[in-house]
Structures are given as structure tokens and as C-alpha cells.
Amino acid sequence: RKAEARRNWPLWTDRSLLKSFADPEELQSDGDPSLPSPRERRAAWLSIYRNSRCRMETCFDFSRCEKHGFKVFTYPRERDQPLSESYSKILTSIERSRYYTPNPEEACLFILSIDTLDRDHLSGQYVRNVNEKIRGFPLWNGGRNHLIFNLYSGTWPNYTEDLGFDIGQAILAKASFYTETFRPGFDISIPLFSKDHPQRGGERGWLYQDSIPPKKKYLLVFKGKRYLTGIGSGTRNALHHIHNGKDIISLTTCKHGKDWEKHKDTRCDKDNVDYEKFDYQELLHNSTFCIVPRGRRLGSFRFLEALQAACIPVLLSDGWELPFAEAIDWGKAAVVGNERLLLQVPRPDPAHARHKGPPSVDASGGGAPKHLPGLWQIIKDRLLPHRSRSRFLWNTLPGGLLALPDFSTHPGDFPFYYLQHGSSPSEKFTAFIRAVSPASSLSQPILRLIQAVSGSHYCAQILVLWSCEKPPPPSGKWPQTTVPLTIIQGRRKLSDRFFPYAAIQTDAVLSLDEHTSLSTSEVDFAFVVWRSFPERIVGFPARSHFWDAEQRHWGYTSKWTNELSIVLTAAAFYHRYYHSLFTEYLPAGLRELVDGLAACEDILMNVLVAAVTKLPPIKVTQRKQHKEPVPQQVKGMAGTAGGQRFSQQQDCLNQLADWFGYMPLVSSQLRLDPVLFKDQVSVLRKKYPRLEK
Amino acid sequence: IMCASAKYNTRGPALIPRMKTKHRIYYITLFSIVLLGLIATGMFQFWPHSIESSSDWTVEKRSVHDVPVVKLPADSPIPERGDLSCRMHTCFDVYRCGFNPKNKIKVYIYSLKKYVDEYGTSVSNTISREYNELLTAISDSEFYTDDVNRACLFVPSIDVLNQNALRIKETAQALAQLSRWDRGTNHLLFNMLPGGPPDYNTALDVPRDRALLAGGGFSTWTYRQGYDVSIPVYSPLSGEVDLPERGPGPRRYFILSSQMALHPEYRSELEALQAENGESVLILDKCTNLSDGVPAVRKRCHKNQVFDYPQVLQESTFCVILRGARLGQAALSDVLQAGCVPVIIADSYILPFSEVLDWKRASVVIPEEKMPEMYSILQSVPQRQIEEMQRQARWFWEAYFRSMKAIALATLQIINDRIYPYAAISYEEWNDPPAVKWSSVSNPLFLPLIPPQSQGFTAIVLTYDRVESLFRVITEVSKVPSLSKLLVVWNNQNKNPPEDSLWPKIRVPLKVVRTAENKLSNRFFPYDEIETEAVLAIDDDIIMLTSDELQFGYEVWREFPDRLVGYPGRLHLWDHEMNKWKYESEWTNEVSMVLTGAAFYHKYFNYLYTYKMPGDIKNWVDAHMNCEDIAMNFLVANVTGKSVIKVTPRKKFKCPECTAIDGLSLDQTHMVERSECINKFASVFGTMPLKVVEHRADPVLYKDDFPEKLKSFPNIGSL
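The listed protein sequences derive, respectively, from chains A and B. First residue of the first sequence: 1, per UniProt numbering; consecutive thereafter. First residue of the second sequence: 1, per UniProt numbering; consecutive thereafter.
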């Protein structure tokens, strides 16, 4: 049978006479009057679709979340009840989150104080008689609106999904979730994390540079136990085939469990020797791909370890419902292999593998209580499907946790996505002046400032945040401007200046203090620069931070330095979305901290933007040095009013670093000037000649 | 960003030249004779020894009524009901998909048969128009194979699109007797109208064992995630009615409901909405008194007003899609076609292709209980987002709903993506409409990272024979603290580079690469010797840059590692008189390019320049010995969507267009040629990727009144 023509589906002679699959009218009127009413049907569903068939619409009481919003209640801890370190971290973390409520009446979601993380009944942390305990809880209500955490279920030899108690209608957040038992849209798969996992901050990812295409010492590595018998042994037994000793390293050891020597096979001795020759961390950090096979259970620690090491995981764990798959597009961050096609997975192509890891690690929160925010946001998105994040927002930097759907669900409204979205920020800005001086009449500086700002043809409106005890001067006292000028009465809190006022209509905010002195040229140039960097703070007076090795804390300096990491919000452009992040994303405790310290709010704003973008702010040309209301301070000089202010700023910086778990600020060594700034060329040719005076 | 706009325009109606009728008849006759001959040979050759009765295939001109009849005995086996626990790793035999040179699954279609029961009564209609279209599409696609032994997926030709049109038990028996059925393993069934009275199951009731189901009305309880595929209910109106795309923007009505036979409870809720919100809500129903001959499916009525369907859908911003007896509704397709944003009210419904499509970008899903709040919910959607959803809705229809072919290929692609996940189509490819793919930049290669300073940079000096000047450049550059290696690209084939002993002694490794041809593109080759991320491209006559300036340039690059960071800046301008782009090297307030005679950039761009430069730009540059720098500027801007960064004040550079001494005429030709390059590249890229900015980067304390010795980079801008 050579050179045979391909036999395609025939071209029937009477194909145009074929009848349609359905009568057009039948297709358009898909009703049946004999059916029960929608309301009856939904009521009937409640009794049919329970327990293993739970879905949000049948097992979750949405009405609990309507009045008070998304609030989480944790059961009071009982004294005689042992808690594992991990579970108590989870509870603590909830209690310090912005969603916590101590009042069960207000709660939308309930978390048990019984530690359910380890349900392997051979484990020391296994809690007995959970069913009876739960039945005694008046709030349990069949598990409705409860969230149960679990890392390990079942035990040797088959490691079933059984938790040893009836979770009823509770949502299960579980590691190593098997797709068959997973209730889609209801349960949540979480990554397996170890108890050492930090609550926040923690070690940053190991991706330090953009090596493109990723060129590392090894292409593919694995180092781990090889099970000689039992569940999961098939996959790991096969891994040694790919070892080539050069760029593909696959090492296994037979040593695990008490009686491994009983099951020992011919490979074991040699494998055990090879195993010791390589260091696990060294392999992880120097390989492009890392094999993440199933263990006894489907998930393993090495999944998070590989992601953190910026090693692209090659998953060999059939039937594993990947962590947070409802939100995270794992195709972008991992290679999902097939246990059965172990040897057929083609040699991965490094050029094909884009830098996958870190964004997803950030999005999934890395693990431990760090991933709780991801969990809350996924559940929140289910409560209001029409105000939930698209997969685009979840999977594009800076990730779903930082794209608040309460602000917008439209990518063009955020500062981060202009490029991917193919749009650009608005062409006008809102000047936002904070007035705190107790003077009854308007001072000269603020009048000059209003004139200078309204002189910019990019200015859309001026808002004055009146934060004084005295009422603002009547409208006749304010200068006549070409743009609308609105007074907003503040609550006289320092964090007020970053409240997302509805009056701010433009993407760009020019944040100003009443004493700030700026010229129209400076404003114009800075705004044009901001439009090129809409995700950053772009402004004038700058400060920097440094690590004080002697005192072992962070230092803050307002001295002239060659670097900068903070741009004061007394004169800076930024995206209005940062007002929303400041007010709604940061926990209330941080805002209270800021309200209690002098001049800490602009440090927090800088820290926030740096934490979100991982980039430094941008300083632009300033005609003359910004006038500091307080004289320059030398480090460590306390006592005077200024000194006190300075030490408060330092204190603020250290408290923020502590709260974030690391120092988010990033330093920059540059300033952006107009192209012809101070060049030897006629001022007539220069667009911003006034900046040079 | 794509670079082939021209391609789309060249396709026109002229592709098939019209022949004169006489010729046409002649050709058709000739063709028929040849065809008959071929068929005869084919029959002769394969008749006796083919596996399947090849007569089904070899005779092209056949009617569906001529297909073989298969009689099903009453006791012929029935498959098990569908297994709800099936997943790809449990019920799918992936070993059958071994033949995958292109990471494409191979799909086999069973030949068409007519099935009858013992009494000769037919089991179903042989095949519907739509199912025939679907199978034709598969057969014409890259997925198709006619070799049953190489197939990974099997598609029965038994038409189960509409459950109402078939006899369930007998259809199941017909499936079970298929030659490779094997409990339905790797078999794919397409069904759009599942269930029937009284319970209207949300998945096909035909027992099918392990077969995969591409179904048009799954609920979350019947859909086996990662195994089944949720597909649309095809609307035959798509093929009949031509609704031209309407630009996004506000429409006459805010909310429209056009479905007929809605449950009275839904209808009364909709009417309550209308009563509350007046004319912006339009609730349509079936027309009761249409004159004869007017098809009821093409009209809708509100009281006495008659509207054309589906045209009326284009008059509304949002269109309600309520569940009927089934969850999947053909109206969804009509609504998407009209660019109306669907408001889906059907609890537990699995939206079509939800495994890959991001419906949040094209629709609003509202729980049934929240129907009374629909108006306020929809009003909270920002206008900009509505416009994007309108565009997105239309794009989903065009790409995945408009024909049975689109539905079939999307379904196969989804299954293909599961089997070869490493070759899967990305979220962006599935979801971004062409306009977004065109205008946006997705630059996944660079994360916001500041590379460590310690890595340093590799300087690459392109040289021909200016040895003296080259040595001066080497000596100067070697003073820069962060230099980690120096690479000299010796572009002169007629002359050997100087002996080792003659080269300047510098503190970092110096390597000389000899090239095979004197090409400008050699400057941008991704040499293995480049071990750092940062590359400094520098001409062999750039001796005026100070060590501070170069070190500062490197520091700036670290803050902008995905951009070109360079010294002399240039600008492109639109020449309104000539109606084309113009190159500008004068003292301007703006920059859009930097010259690569002295510029830092990421080594990745060497790879892109050498292997991924669009069109013939690379050869063109080598042939003209000019504009390699402009090409690099285009390339980087096109990939990143970002501007260049010019560093430090303007200096006198020795480069062709800066030296007016060389004579005006030379200068002018040079400028003309450079302008031509810009126009040429813009047309190849299909867009003008360069971004104009008004800023340059200086050290923080540049020109500030501050002691020079305390500045990190004091020696900046000196001439």
C-alpha cells in the first residue's frame, strides 16, 4: 500500500440537503412548562447536592457575607487542646489580618481551633474524636461556611483522602488534593509547606537575574527517596533512567523507614553512594528544571522548594489538583508531566521555558500562612462573581493579591498593565494638596503653589485636603484658577492623605504639601516622566535608607546622597490606585502606626509601592533644593523637635521592615533630567529652560 | 507584537482567477476523467485487502443514503453508563498518542454507517448537517489520520448532537460495536442538546462508558473537569445571518432579553426589572400574530412592536442568557455574534471552553438568586470595561462559536493541550483578540529585578583596522570598575589582528573573535564568550567617554535591564510634507533611539537580533553596511514596548553624522539613508515601535551644588 491517497471524510453529494441537528424553533425555545419553578429547583438542590457533591450555591450561605462583608472568625482556642506550630501560625495570621472578626455574628467564614493539619492517625499530632467535638459546637451548622485546613490525610499503605471525621458542608483547603475527591469551585488545593515556613516576608526567591535563555549548570535534577514498595514507588523507581551524570542528575536513595534493607534491590548500594555526592540545595539552585514527582501523597515539599529556587518544576503527579488552580495558570510556571509518559517527556527546551517560577510563588504566597491571603481572595472572588478578578489579573505581575477588584476589574485602571493591555495612562493629573497649618487665612506658599500647579496644561483639577481644626476659608478667598478647585474636609489623620477619594478622577495624582514650592515647568516635566513610569512614584525631594551595621537596624537619612530610595509625597506623582492599596490593602494596624508617628506616612507609601513593584522611585530635576520645614538632621541627634521627628522616621522605617518581614525599599543612583538639561546649547532650544535657573 | 500586517491585506478575492466558461467546462471534464481513472485504480488496488470496507471512502460521489447498513441485534452489548470519576490519567490511554512528531494528537473518524434495529427501523438520523460539517473540519485538519492504528483519539460518525433525535439504548449498542471501542477508551462524542423530559440531564444520557464527552450543557455535577470538554450549543443562525461587527460603545438599550419560552417565574422577574428601570430594559418574547411565511425564529416582539432577530441584539449593551430546560443555550452564540455582553444566569452551568477561555473578560455571571439586583450590578461595570467585553464577546464568537469547524478545532486543541501540556497554547493566545495581540506587549522575559552589580559587563568592540584607536578604546574602557571581560570582534578578513604581545595589558580577560565575513551584524552575535547579562557595545573610535560615564551607564542599565541604555541619543520624526518618517540628530528635546556605538543592553537582545529579527532587516543592514543600530532600537522597543534611556549630557562624538567637518554632502546622504532605514523598518515591523521621551538619566547629584569629591560620579559631561 504505497503512495496511497489520504482517505478523508467524504464530500457527500447531498450534504446540502442534510437536516440541521435541531429544529431552529426548538433550539430557540428551550423550555418545558412541566418543569418545577426555578425557585423550587434551587430549593431541591440544597438537599441533593450536599457533602461530597457540595458547591458554593448549595453548601455555602452567601447571606452571611452580605451584611458585614468578608469576615473570618476563629473558634476560641481550648486550653487542653494541643496545636501544632503550623496550625497556630495559621490562626495567629488570621487574627492579625484585615478580615478577622472576633464576633461570630458578623462572620462569613469560620475556622476551627481543632488542629486538622495532620490526619494521619499514626501521627503524634493526630487529634482524636473530632466528630464528637464538632457536634458539640453550636456554630458548626453541618459545616456550612466553615473552612478546614489539612496537609496530610490517610496513612500507610494506601494514603486515602479520608480525614477521619465528617467535614459535612465545610470547604476543604487541603494539600495533595486528588482531582476525584476535589469539589470544583468549592474546595481549595494548597501547597504542602513545612512548619518552618515564615508567616510573612521570608527569604525572597532565588531569581537574581534574567538569564535568558536560562543557562544553568544542570538541565534537570532530582534528588530524593526511592520507595521500594507501595504507593508512589512506580514513578520514583523509574527516575534513575534519565540520569546521565552530566546535565541531567537524578539521584535516589533507598534509605528510609526502619526496614528498608528488607526490600533492598540490586541498585540500592550504588544509588545510595551516588546520592551522597551531590548537595540538594546546590542542585536546586543550579538547575533549569527540577523534577517534582509524587511522594506517598501527591504533593511534596519540593514543589515550593523548586519554585523558590527559581527552578521550573516538572510535575509527575497524576491526578493532583494543583494548588490554587482556580486562580493560577500553572502552564506558565511549571511543566505538567505525565507519570505514565515518564520517558516520553521530551527533553525540555530551555528557550521554551520562560521565566516561570517567581510570579506564581508570589501569587500563591509561597505557602504556610503566607498563602492565606490567596485563599481569602479566591473565596472572596466566588462571593461576587461579577466583581472578581480575571485570570489575567491573577497571573500577571504583580499578581491577583495586589489587584483589588473593589477598585476595578478592568486592567486599564491599574498602574501595572498598560503595556500588556496596549493602553496608556490618562493625559491629565489631579493636584492633591494637603493643608494642615492652623492659619485662618491662606498663606503665601499655598497660593503660589496653586498658581504654579494650575498653570500646567496637564492639570485637570485641584483638590485641597483641609486637615485643620479651623474651617477652610470661604470660597471667595481662594485664588481664581482655570481648573476646578475643590476642598475636602479631612479627618485630621496623617493617613488621610492617601484615602481613595472619589473626587480623584485621573490616573495620576500629584501629591503636595502646602509648603511645597514648585514651578509649572517642574510639574510639567515630572508629569511627562511619570507617564513613562506610571507604576512608580515620580517626584522631587528624595531620601534614602541604609543598613546601619553598628546599630543593627535600618537608618534613614535626609542628607544629600548619591542614592535614593524614597521620594517624599510632599511633591510627587503617583497612580491613584496606590490610594486604594494604601487604605484597603494594608492592615489597619499599619495605618494606625503611621497616624501615631510624624512623617511616617510617606515612608509607608514608598515602602508599599516598592513592595508591589520591586522598583525604586524616580527623582526628577528640581529647580532649587526643596525647602524642608525642619532643618537637616545628623544621625542620632535627638532632643530637639526635629531630632525627635527624625528618630520617629527611623523608628517608622524599622517597624515597617519588621512588619513586611524584609526591607522592600530599593535604591536608585539616577535622576531623570530633560534631555538638554544644562547642555551647552542656547536656552531657546530647550523645552524646560526654567529648570536651569 | 506581530510583524506581518501586510500579509493580511494581500489576500483578496483575486486569489482565484476567473476562468472563461468554455475553459471551465473543459477543465472540469478533464478533471472528472482523471478522477474517475484514479478512483478506478484505487478500487482495483484496495478492494480485496483493506481492513475497513474501503468502498465507504473510495467512492467520492456518494449520498449519505448509500452508506452501509448495520443491523444491531437486540441483545448486542450496551456500554456502561458514563463513569463520573474518569480523568485523563485514569480513563484515557495516553500510550496511544505516541506518534507525536509535532505534538499533535492524531484523530481517526469511523466511517459512516446507518444503524437499524432488528426490525430494520433506523436508530437515528444518519447524520445532521452540523455533524457532517464537524467531521469534515476534523478530516481537513492537522489532527486527522486515516490510519486507525496510529490514532490517539477516535471520533464515531454516529451523530449524537441532539439527544432528542436518537434512540438511547440502540445508539449505545451502536457505539459498543465500533471496531476500536474498548470500553470507550479514547473515544470522543460531541453532544449539544443533552437530556430530555422530565429531568433534563445535563449530560448525554447515552451510556458511553469511558468515552470523553464534548457536551453543550454541562453542570458542575456532570462535568468531569480536565476530562470532558464543555462546548457551545451551535446556533445555525451564525451561518445564515451576517451581522457586521459593530464598534464598541453605548447602545440603545441597556439590558435586553430575547429568549422565547422562558419560565414564567424568570419572565416575571425580568418584567419587574423593566417596570423599575423603564425603557433601558427591553424584554422580548415570541411573536404571536406573524403573517404566514415569516419564520418565527427571525422575529421577536414586545407588545405590538416587532423586532428582527438576531439584529435586535446589536441594539443592547447587555443581553440576558437564562437557562431553559437545559443549561446550554444557542442564544449565547447569537448574543456574542452581536457583540452584546452576555449576562449569564444559569447556576452551576459550565461555560463553553471554560478550561481555556476567561469568561470574566467577556461576560457577567449572576447567580439566579441575584436576578433582582441585575440592574445595579450591571451599572457598576465601568464603561471602559463594557467596551472591552463587547469586543471580547465578538472575538469569542469569531474564534470559537461561529462554525462547527471552530467548535471542533477548539475542542481538539483543548484535548491536545492536555496530552502535550508543554506545547500547550497560552492563555494570551486563547483569549486576546487580534487587536490586543497587535497593540499590546507581553514581555514575560524580564521580571522587575536589578541584576547584582558584581556580575559586571562585557564590552564588545567591533573593529576593522583602526588598531591605534582600538587600543586607546581598550585602555580607556579597562578603567571602568565593573568591566569583567573585553571582546574584540575583528571584522577584517584580509588582515590578521596584531600579535598578542602588542595588545594593551589590561586587568580583565581580553578575547579576540575573528569573523568570517565583514558584516555589521557580527557586532550583535550572541558569542559564547559573553558570560554577563550586560553587554556594552562600543565602537573602536569612542574614546571620549570617561570611566565615570561608562560606570554610571552600567548602573543605569542595572535599573533598566530590559532597555537600551546609551549615550548619543537620536529621534525619529514624522515629516508631514513628505508623509514619511525622518531621522533627526540635531539638539532636540526628545529622544527615541540611542546609537549602539556606545550602549549597554541585555545579551538576550543579541540572540533576538541574530535569530528573531523580522523580515529581511538583518540582511538588508549587512548589505548596506548601515543602520544596524536603528534596527536594534526597533527590535528592543518592539519586544518591550519601552523607550530607550539616554545617559549623561551631550558630548561631541566622532560618528558620521556628528562631524560636520566631513562635508555637508556626505552628511546629507547619510541622513537620507538613515531616514530610509526608519521607513523601511517601520514597514517591516508593521508599526512604529519607537517611543519618544523627554528625559535622560544623570547621577542623582549631577550639577548640584555639592562637593565634587563626595559625588559617586564626578567626572560626567566634561569635554
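Be careful, since some hints might not be right.
Here are the simulated BS3-like pairs of lysine-lysine, each with C-alpha atoms no more than 30 angstroms apart in a straight line [unchecked claim]:
| hint | chain 1 | residue 1 | chain 2 | residue 2 |
| --- | --- | --- | --- | --- |
| 1 | B | K370 | A | K67 |
| 2 | A | K332 | B | K370 |
| 3 | B | K437 | B | K691 |
| 4 | B | K437 | A | K332 |
Quick list of the computed label-pair ranges, beta carbon to beta carbon [stated by the list, open to error]:
| hint | chain 1 | residue 1 | chain 2 | residue 2 | range |
| --- | --- | --- | --- | --- | --- |
| 5 | B | R81 | A | D406 | 32 to 40 angstroms |
| 6 | A | R267 | B | D147 | 33 to 41 angstroms |
| 7 | B | K479 | A | K216 | 42 to 50 angstroms |
| 8 | B | E673 | A | K246 | 23 to 31 angstroms |
| 9 | B | Q453 | A | K687 | 51 to 59 angstroms |
Residues on chain A that point at chain B, a partial pick, calculated with CB under 8 angstroms [to be verified]:
| hint | residue |
| --- | --- |
| 10 | R53 |
| 11 | E105 |
| 12 | K686 |
To be clear, the hints were calculated from the coordinates, so they are not data collected in a lab. Treat the numbers as computed from the prediction; the structure is a model and nothing was measured. Quick reminder that beta carbons are idealized off the backbone N, C-alpha and C, glycines included.
Looking back at the numbered hints, which does the structure fail to meet, lowest number first?
Numbers 2, 5, 7, 8, 9 and 11 - these are the hints that the structure violates, sorted from lowest upward.
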